[in-house]
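Asker: Sequence:
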Amino acid sequence: SKELLASASVDGEIKIWDVRSGYNKTGLLKNITLKRVPNDYAITAFASHDYSPIFASGSNKEEIRVFNDNEDQLCHIRYHDGFLGQRIGRVASLAFHQHKMYLAAGFTD
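Sequential numbering of the sequence shown, starting at 144, is according to the numbering used here.
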C-alpha cells in the first residue's frame, strides 16, 4: 500500500512502517526478524511488492528468499549443485514488477 514502507538491515531485520503516523510517533507497525536464515546471512538487496504483502531479500550467500508479512518463507532461490547446475552470484539488486508477481534480480560477477 502507498502508506506503508518496508526497510531491511544487513543483519536480517525487516521493519514495516506506517508513514501516516507523522513525525512525533515511530510509526513501526511490524518488526520482522528472519528466523529461518543462518546467523551469517547478510542482506545485500531488498525489495517489496507494491500491492502484495510479500518481500524478497538477497544475500551474500548467493541466494534469494521470498517472504510474506507473516514471516513465512514462500520461496528459496539458490544455485544448483552438480556439473551442469547454473550458478548465481552475490545478489546486488532486486525489484518486483509493479503489478504482476515477477521478481527481477541482479548479481555481481
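Hints are computed from structural coordinates only; laboratory data are not their basis. A portion of the hints provided could be inaccurate.
Using C-beta positions, here's what the derived DEER-type ranges look like [stated by the list, open to error]: (1) ARG233 / ARG163: 34 to 40 angstroms; (2) LEU147 / ILE231: 25 to 31 angstroms; (3) ARG233 / ASP161: 28 to 34 angstroms; (4) ARG163 / PHE250: 31 to 37 angstroms; (5) GLN241 / LEU217: 26 to 32 angstroms; (6) GLU156 / LYS243: 15 to 21 angstroms; (7) ASP252 / ARG163: 39 to 45 angstroms; (8) ASN203 / SER150: 37 to 43 angstroms; (9) TYR222 / GLU146: 35 to 41 angstroms; (10) ASP183 / HIS242: 22 to 28 angstroms; (11) ASP252 / ASP161: 35 to 41 angstroms; (12) GLY249 / ASP161: 38 to 44 angstroms; (13) ASN211 / ASP183: 37 to 43 angstroms.
Within a straight-line C-alpha distance of at most 30 angstroms, the following computed DSBU-like cross-link-like pairs (lysine-lysine) qualify [what the hints assert, rightly or not]: (14) LYS243 / LYS204; (15) LYS158 / LYS243; (16) LYS204 / LYS158.
Quick caveat: nothing in here was measured; it's all calculated off a predicted structure. The C-beta atom is built at its ideal place from N, Cα and C for all residues, glycine as well.
Asker: Against the structure, test the hints numbered earlier, and report the numbers of the ones violated in rising order.
Answerer: 5, 6, 8, 10, 12, 13
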